[in-house]
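Asker: One line per chain: the protein sequences are A and B, in this order.
So in the working numbering, spot 143 of the first sequence is number 143, and the numbers just go up one at a time.
So in the working numbering, spot 5 of the second sequence is number 5, and the numbers just go up one at a time.
Everything labelled a hint here was simulated from the structure, so no lab data went into it.
It is possible that part of the hints are untrue.
What the hints assert, rightly or not - Which chain A residues stay away from chain B? Per the calculated CB distances, all over 10 Å, these:
hint : residue
1    : G55
2    : A68
3    : R395
4    : G492
Claimed, not checked - Quick list of the computed label-pair ranges, beta carbon to beta carbon:
hint : chain 1 : residue 1 : chain 2 : residue 2 : range
5    : A       : V23       : B       : A82       : 44 to 50 Å
6    : A       : L38       : B       : A23       : 31 to 37 Å
7    : B       : S93       : A       : T98       : 27 to 33 Å
To be verified - Distance condition first, Cα-Cα at most 25 Å in a straight line; then the derived DMTMM-like pairs of lysine to aspartate or glutamate:
hint : chain 1 : residue 1 : chain 2 : residue 2
8    : A       : K320      : A       : D251
9    : A       : K212      : B       : E51
10   : A       : K451      : B       : E51
11   : A       : K211      : B       : E60
12   : B       : K21       : A       : E56
13   : A       : K245      : B       : E50
14   : B       : K9        : A       : E62
15   : A       : K206      : A       : E259
16   : A       : K260      : B       : E50
17   : A       : K212      : A       : E170
Bear in mind that the values here come from a model prediction, so they are computed numbers and not experimental data.
For each residue, glycine too, the CB sits at the ideal point set by N, CA and C.
Next come the chains, spelled out residue by residue.
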Amino acid sequence: MRPPNNLGNNSGNNSGNYARQNVVREFVARAFGWIVALWPADLREWAQAMQAELGEIESTRESLQWLAGGMMSLGKAWWNEVIYGWKDGEEEPRRVQTPGPVALALAVVALAAFFLWPSTHEGFSAMLQSWPTNPRGASAGVMCDVAKQARSNHDARALIFTAGYNGTTEDAAQAMDEAVAIDPSLTWIYVHGASSGYSYYGIPEKHGWVKKLEAWDPSNAAPYLVEAAVRQQELWNEAKGLPAKGVIVNDPAWRAAMEKAFAAPRVDFYLDREDELNRAVLRKYNLHGPTFVFSSLVRIYPFGLWSSGLYSEFLIGQAKDAQQNGDTAAAARAAWAVVQFAERLRQNTDVEVVRRIVDTMLLSAYEVLQPLEVAAGHTGSANTLSIEKEILIRRKASRKMPYLPWTVRSLNPTGISFHIAGLGILLFGGALLFSALYLLAGRFPTGLRAKRAYRWACTFGRFTPAGLLASVVLLSSAYAPYLRGVNLYLAGAKDAPTSQELLGMTESFSQLPGEILGPMHQGQDRVYFWEGLLVALLAIGALSVIRFAFTRRREPRMKAA
Amino acid sequence: MGANVRSSKQTLKLLAALTAKAASWHYGYALSRETGLQSGTLYPILMRLEERGWLETQWETPQSLAEKRGGRPPRHMYRLTASGRAWAMEALSATYGSKAKSHGRLKPARQHARIHLGEPALERG
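Chain B extracted, bound-state conformation (with noise of 0.2 Å):
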């Protein structure tokens, strides 16, 4: 598909999310409570962060099932690959970065994700 991935804030918020645990695999719902996104939104802009390459999507293993979640249905995973992540920052720090320096201040979403692109966050004031 040939569909732009656009940095609007909804994209950062998510992209902030997955990379602050950017090792770790992330579920929607998670997701979506983590960052305040609906599912109408989240997952259109999942869907074409992986399309890009910049998602790594994963179903949970029925072994991983029985032992953990008592039979429920395997769910979808996300993480950011290896692109994603230096895209992420990019994005991320293009954005705050140029924020913070006129506004001096971070939320705790983009704290965290400056945070996690070893960066220190700005202090208030």
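With the rest of the complex left out, here is chain A (with noise of 0.2 Å):
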């Protein structure tokens, strides 16, 4: 039975004269027409039945229960034409709708989309690899393969990029000693080898890497800052925990490693030899996901800052020291020393936190070498320095990045996006699959189609290609900048992104997963996500069989009419 014409529509709209006195109850009409079309095609009267006694309804707090009412009820029609559509065994009901050509149209869009974009199949991928299943993250897995994979072409760059999944930090050294065998153009990875951890276990000492560093390049500075952090590291083991600045300073083999390093004519860190050396094998193995190109950006930081630092200072105190003392051609060469430094460092690299280490190294140089310069009565050079201090003081205060390269950032509407559209994928195109494959083996002569499911089957194919076809769209809208950035920065191209803007992009989508799974890895603090996941949906089960059971206990008999 349907109700009389002027209630056909769904639109809301025609609700007769209902008293539309103010916004909330036009508002509670429109969504009531809302509602109306949203339930299921063959109980709409009932939402309409709902509809029409909003003309009744005076109050506006009663009106907005009603709408509340009217959305329960709504979830409850779906619910019993899903679950109860019909019983298994019956004929199939004649309101079933099967899947119909716009259906079956966007279905093939929705996949074409999916495999045809590479923003779609690229960062669905991505999407899986950044919910990593161990603390390693899922890229490990793949890292290994592309290990092996180097191991036995003799791709000496790829078993140095894939060194640190390689197992033990003395197998990921022997992995770079590999290398540096098969290409001894690639000698300079010891710099970065010894400052990614490894001299905390004496490796660079028991490799030989600083001794082979200083052969291969002894007009760099950076050896030798290898060699201070390998001393420093053995001061710290001696200390049992972080010496005073004093030990370290007065420390005559970190002293004289430092002194070479102030004294070498250059300062270079290979940043750009790495960052080139990554590039290339992140395009050779096709690795564009998030999580191999946040390793391989994280990795670019330069080695030594810290003692070139803590040997500025002490220059520095020396040199007041000497003012003090009137030794001013002292004064002023161990101040010159720390600017020549600074600006052999500069010169290098073009990294923030350089930088910063570079403006403080100048501003206590210059702030000894001003009255030095206006004593002797070198009125220009004062000036300049004085200039120059103004303007490392006023950009001292005006930088507010955190100091580190990569930056913690709140969840971003382009990271939740994308994991809601990935989850989209898996969940239509999983109801979708179930869909297709269950209507095709209803055409032949199984009696599938005369089970409950058949019912499932055919909702699933009406409405699911819509909802998988909107999820591909935005897991596109959310990966596809990435991806573009990506393939410039691989490209090597003028307009790609700087590193900085390729490390946000990357752990916008890495930030989900981390505030969800990283309380999971850390000892004794660790939540048990999967496990209560597990536990309540095993309850909900449980609680459903349970009512299900109560529900038919408790159906009253019928007497024979």
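Each chain sits in its own coordinate frame; assemble them with the hints.
Answerer: Encoded structure:
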């Protein structure tokens, strides 16, 4: 039975003369129109029945309650439609609608878009990889595969790139040695090897990395900075903790290494070489995912900066002491040594953290040099130093960026859209696959059409293509800007995003998994996320079974009419 | 549909209201006010009763609209069918009969149902 004509429209605007006295009631009327439209077609008159009662409700509060009831009833109607559609074995009811040509077209478009747009299928793969099931990340397996290929192909660059995923620290060090043996022009990698936590295990010393580096590039300060860092680690181990600054600067071996570093004509951390190596490996092995790009970018970090800063402080202290003792020549010599090293440092690296350290070094040196120049009567030079000082002070005050090259950001819309779209593809894609297989099998005389699942298959087949297409479009829109940026970066294009920007992008994709899964890998604070989820699902299942049993038991018996 | 109709407290409240004036048509909003049931509870029960053939439904006709309601939209009306009344009586008497015996009293709505069922309402005490 259907309502008379003037309720046949689902738009919600034909609610007769329903008194729309205020905005809330108008909203309720409109919302009920949507509820009617969303109601299962064969039961829609019940929604219209509820809608028709709105004219009788005078209180705004009651009309809102009526709307809430409408929404609840909508949910129940759909639940009953799907779960209790009809019993297994019954004949297929006439009202079951199989997926039509529109659903089929949408499914084809969604699948074509998924497989043809790289931003979609690569984005989906990246989404799955961003949810690691182990602390080393889902990328660990891929990296191990690349490492195996690299070893069998004698690919020195890939061996270096994957060294960190190559078992123990000793194994990783051996992989680096193996790579340098294949291609000695890669000896510079020991600078980064020494900076990646290997010093803690005495690896650089054990493998002779410092001597190899100093022999390979003697005019560079970096090998001497590595030597100083190795000595610093030894002092750390002796003190069983961070030694006092005085202990470090008074250590002859450390100071000798730093003297050589400050005297070297170049400061080269080989950041450009590592950047180029990373790009080459990422390109060659088609590793575009945020996890790989992040791990390659985050490793580009200068080494020995802390030692440089400490030695600068030591030199400036010496300059001030000499100044007080009237030895202006010694004071100027020490301060200019700091300035020269800072300038060399700045020439080689354009990283924010280096700029900060360089500025600190220069400022402390200028503070010593400027009065010395005034006293010497060098007015022009003194004025220049004064202006430089002012610039440095202002720049220091205006800097608000965090110290580290990668920043911790709050959850952002791109990352959330990325994961929601990925989840949508999983759910809608799975439902569509089920629907397609079931409907296909139902074409044969298997009795499947008489099963309750047939209704699910029909419902999924009608509605999931639209959901899948929407998810595909959303994922593509979230991931395409990143993918475009990565491709430009790997190609070395001029308009490629900076490493900072790329790091921000990669981080936006990993933020949500990090927030949820991060605590899982923190020792005693481990949160049993998956276990908790499993228990919750089991509890829901058990409650559903109990409720079903309870419902059946309480059904009243009918006497024969 | 194969949904079960449970003799829940809410269902019994509704049955009591419907059986009180079994021959008359009832409106959803009026039933909601009478029983105190929210629309989200009331309508799913009505749907299940109708599905079982225990509830008869009808839309107001346009003629009566023009006469009675000044052009307001037609409303959906409900009343129990014969089999629905039989089931309601059984459900109500099975529930309130035993409770009344144990407690010796009924709430007004239940008394209403009891009266309709042709049995004397139990007095306090």
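Asker: Give a verdict on every hint.
Answerer: Structure-based check of each hint:
1. G55: With a cut-off of 10 Å, G55 (chain A) comes too close to chain B, as the shortest Cβ separation is near 5 Å.
2. A68: The claim is violated: A68 (chain A) sits with its nearest Cβ about 6 Å from chain B, within 10 Å.
3. R395: holds (63 Å)
4. G492: It holds; G492 (chain A) is separated from chain B by about 61 Å at its closest Cβ, greater than 10 Å.
5. A:V23 <-> B:A82: 44 to 50 Å: Once the Cβ atoms are compared, 46 Å apart, the range 44 to 50 Å for A82 (chain B) and V23 (chain A) holds.
6. A:L38 <-> B:A23: 31 to 37 Å: About 36 Å separates the Cβ atoms of L38 (chain A) and A23 (chain B), which means 31 to 37 Å holds.
7. B:S93 <-> A:T98: 27 to 33 Å: Given range 27 to 33 Å: violated, Cβ gap about 46 Å.
8. A:K320 <-> A:D251: Within the cut-off at roughly 21 Å; holds.
9. A:K212 <-> B:E51: The hint is violated at about 87 Å.
10. A:K451 <-> B:E51: Holds, at about 21 Å.
11. A:K211 <-> B:E60: violated (98 Å)
12. B:K21 <-> A:E56: Holds, at roughly 21 Å.
13. A:K245 <-> B:E50: violated (86 Å)
14. B:K9 <-> A:E62: The given pair, whose Cα atoms are some 22 Å apart, holds under the 25 Å limit.
15. A:K206 <-> A:E259: Holds - the C-alpha atoms of E259 (chain A) and K206 (chain A) are around 23 Å apart, at most 25 Å.
16. A:K260 <-> B:E50: violated (94 Å)
17. A:K212 <-> A:E170: Status holds; Cα separation ~18 Å.
Hints 1, 2, 7, 9, 11, 13, 16, counting from the list given before, are not met by this structure.
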